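Trainee: Following the hints, complete the assembly by docking chain B onto the known chain A.
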Amino acid sequence: MEEKVISREKVVTFIDTLIGKYYVFAPVKKKDFISFDEVKSGNEVYLGYRNSKDSPKRFLFPQSEVMLRYEKGRLIEEGPFDYGKRVIFGIRPCDIKGFSLLNKVFDNHDFRDPYFITKRDSIILIGMGCREPQTTCFCTSLGIDPGSSDGADLFITDIGNKYVFQILTSKGEGIISEYDGFNDAEKADLDMKEKVSEDAKERIRTKVEISGLKEKLDGMFEDPFWSDLHEKCIGCAICTYLCPTCHCFDIEDETVNDKGVRRRNWDSCMFPLFTLHTSGHNPRESGKERMRQRIMHKFNYFVSYWGDTACVGCGRCIINCPVNMDLRKVINNINHG
Amino acid sequence: MENIYLPKTAKIIGIKDEGLDLKTFTFSFINSEVKEAFSYKPGQFLELSIFGVGEVPISLSSSQIEKGSFQLTIYAIGEVTRSLHKMKVGDVVGIRGPFGNGFPFDEAKGKDILFVGGGIGMAPLRPLIKDMIDNRSDFGHIIILHGARTPRYIIFRDELKEWGKVEGVEVHMTVNRVDGEKWDGEIGLITRLFDKIEINPRNSVAFVCGPLFMIHIVVEDYLLKMGFQEEAIISTLERHMKCGVGHCGHCNVGPKYICIDGPVFTYREMKILPKEF
Chain A
7 MEEKVISREK VVTFIDTLIG KYYVFAPVKK KDFISFDEVK SGNEVYLGYR NSKDSPKRFL
67 FPQSEVMLRY EKGRLIEEGP FDYGKRVIFG IRPCDIKGFS LLNKVFDNHD FRDPYFITKR
127 DSIILIGMGC REPQTTCFCT SLGIDPGSSD GADLFITDIG NKYVFQILTS KGEGIISEYD
187 GFNDAEKADL DMKEKVSEDA KERIRTKVEI SGLKEKLDGM FEDPFWSDLH EKCIGCAICT
247 YLCPTCHCFD IEDETVNDKG VRRRNWDSCM FPLFTLHTSG HNPRESGKER MRQRIMHKFN
307 YFVSYWGDTA CVGCGRCIIN CPVNMDLRKV INNINHG
Chain B
11 MENIYLPKTA KIIGIKDEGL DLKTFTFSFI NSEVKEAFSY KPGQFLELSI FGVGEVPISL
71 SSSQIEKGSF QLTIYAIGEV TRSLHKMKVG DVVGIRGPFG NGFPFDEAKG KDILFVGGGI
131 GMAPLRPLIK DMIDNRSDFG HIIILHGART PRYIIFRDEL KEWGKVEGVE VHMTVNRVDG
191 EKWDGEIGLI TRLFDKIEIN PRNSVAFVCG PLFMIHIVVE DYLLKMGFQE EAIISTLERH
251 MKCGVGHCGH CNVGPKYICI DGPVFTYREM KILPKEF
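Going line by line, the protein sequences match chains A and B. So the first sequence is numbered by this note's numbering: it starts at 7 and just counts up by one. So the second sequence is numbered by this note's numbering: it starts at 11 and just counts up by one.
Bound conformation, chain A alone (with noise of 0.2 Å):
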């Protein structure tokens, strides 16, 4: 693996290198929060943030998306559609994990989804370590380091005066050559990088215990638990759009005067017509079963289907429910019910 580093004021100067030849997607402050968004300058890009309100599963997976046009009831055009080449600039390594996870279920062997994979291919991932972990972040407890580059192809770590950037594929040694500003990353560099990753996974503080949950679940379907549960949850399914390894959809016709799109939409477990038939039968009826559908499906059903639990730790879904359900309480009184 070779390593770079770069001066702190040079990286703006990079991505704007980048910026002629890429969609660069970048973490963006808000008002009130930090979001990845197109930057059209290097100066845009605000490289304090602790991580994005959303995740950057859209990048993959839209909130909606185009799949086909049609006209008076004929198919007309085809997608995918072409996005251009993008880089995505300082993802954090919980929601590159995410990606992996949705590569899972949308590249299998026996179903691939070009709209996914045509996106997936054409983007590049430039990850970045975490400094300061959010209190709410528990990667660490689903395998993840906050420092790791696994799945990016450059990664970055913040050691203060400049940045280190691990070349991970040919994709980042490609992007690496587009601007000459780098240097080789000497020793001591290297030490102050290892460093940084150590305190960040020091600092998350809150662990929740994984091994056994599957396990533990596999008997709980009728438990009295998911009675209480739910009970303050009031469906708004925030959680569930804003996890990056929720992936779930539906597909729907938009027409105007003949003319029209198919599109699929981001849905989630936690609506009652997700699971709604025809016949006006829910089989999901309550909050109850959807709250339990929820969690079963990312510590239980996901594990057994790809092999890996559908949580990065990322904490989104705790920070932004509006009734302060928070996951990892939950899976504490499941490991201790």
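Just so you know, these hints were derived from the structure itself, not from any lab. Note that the coordinates shown come from a computational prediction; the quantities given were computed from them, not determined experimentally. Just to be clear, a hint being listed does not mean it is correct.
Unchecked claim - Pair ranges (Cβ atoms, derived):
| no. | chain 1 | residue 1 | chain 2 | residue 2 | range |
| --- | --- | --- | --- | --- | --- |
| 1 | B | Asn145 | A | His342 | 55 to 63 Å |
| 2 | A | Glu260 | B | Ile75 | 33 to 41 Å |
| 3 | B | Asn145 | A | Glu260 | 44 to 52 Å |
| 4 | A | Asp38 | B | Asn41 | 51 to 59 Å |
| 5 | A | Ser233 | B | Phe287 | 18 to 26 Å |
| 6 | B | Asn111 | A | Arg118 | 18 to 26 Å |
| 7 | B | Asn145 | A | Arg118 | 52 to 60 Å |
All residues carry an ideal CB built from backbone N, CA and C; glycine is no exception.
Mentor: For chain B alone, kept in the frame of chain A given last:
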């Protein structure tokens, strides 16, 4: 890479009234390569699109007929199905699939066969019944039970009559109630037909399709008590499905996706799923 979400154009080449709000549509793909490549098994389903209205999963109700043609028997109940019922011969729709696992066939050879079809649950059973009758010597005695809401909801009326004439095939029907129609047959739930049949459960396979409460009663109160093996009871499960390929999450039940791991399950597989139907 093939776009799994791209419907292929098919033309309606025939429409048959099957009863109240029930029609069997015969479709044929327009593109000759698509026609040639299309094949399916009984028990599988298609995603039917009417652009501008939407897409719905529907079980195939024909066995392999002419290459590139197939039938769907559809009850007009939602937006897409009601729009389809307004269409006529020559109109076009979009088709994706086939999806799902389909019924076991070879495994049932040499056995006596019991079909229990409630209402439109007969639609996915029809191709299997036809294939078994076409390969009559491979199977033992065949018993077909059909229950409908009222006489005008009896589906595949003529075929049921024809199948009943085949040697070694029995057909029994019942209706839940009579709603002004002329009817001199059985009245009551499908389970009352069990009094009329004789079957050796040890050497039989039962295919059960219909409303969920019917499946429960037929399987738990009848077939199991009669001595059917759990793996010799085969049924289909329903779920609000969207993508058909296990991606959209709608039909997830426990560690299974009805659209790719089903819709056909043996009772042994069904009973270990979470009770969430």
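Trainee: For the range 55 to 63 Å, tell me whether the beta carbons of Asn145(B) and His342(A) fit it or not.
Mentor: holds, 58 Å
Trainee: Confirm or reject the claim that Asn145(B) and Arg118(A) have a C-beta distance inside 52 to 60 Å.
Mentor: Given a distance of about 36 Å, which is not inside 52 to 60 Å, the answer is violated.
Trainee: Please check whether Asp38(A) and Asn41(B) have a Cβ separation lying inside 51 to 59 Å.
Mentor: holds, 54 Å
Trainee: Within 33 to 41 Å or not, the Cβ separation of Glu260(A) and Ile75(B)?
Mentor: For Glu260(A) and Ile75(B) the Cβ distance comes to about 35 Å; the hint holds.
Trainee: Do Asn111(B) and Arg118(A) keep their Cβ atoms within the hinted range of 18 to 26 Å?
Mentor: For Asn111(B) and Arg118(A) the Cβ distance comes to about 19 Å; the hint holds.
Trainee: How does the Cβ-Cβ distance of Asn145(B) and Glu260(A) compare with 44 to 52 Å: does it lie in that range?
Mentor: Cβ of Asn145(B) to Cβ of Glu260(A): about 47 Å, so the range 44 to 52 Å holds.
Trainee: Is the hinted range of 18 to 26 Å satisfied by the C-beta distance from Ser233(A) to Phe287(B)?
Mentor: Holds - the Cβ-Cβ distance for Ser233(A) and Phe287(B), about 19 Å, lies within 18 to 26 Å.
Comparing the model with each numbered hint stated earlier shows that hint 7 is the single one that does not hold.
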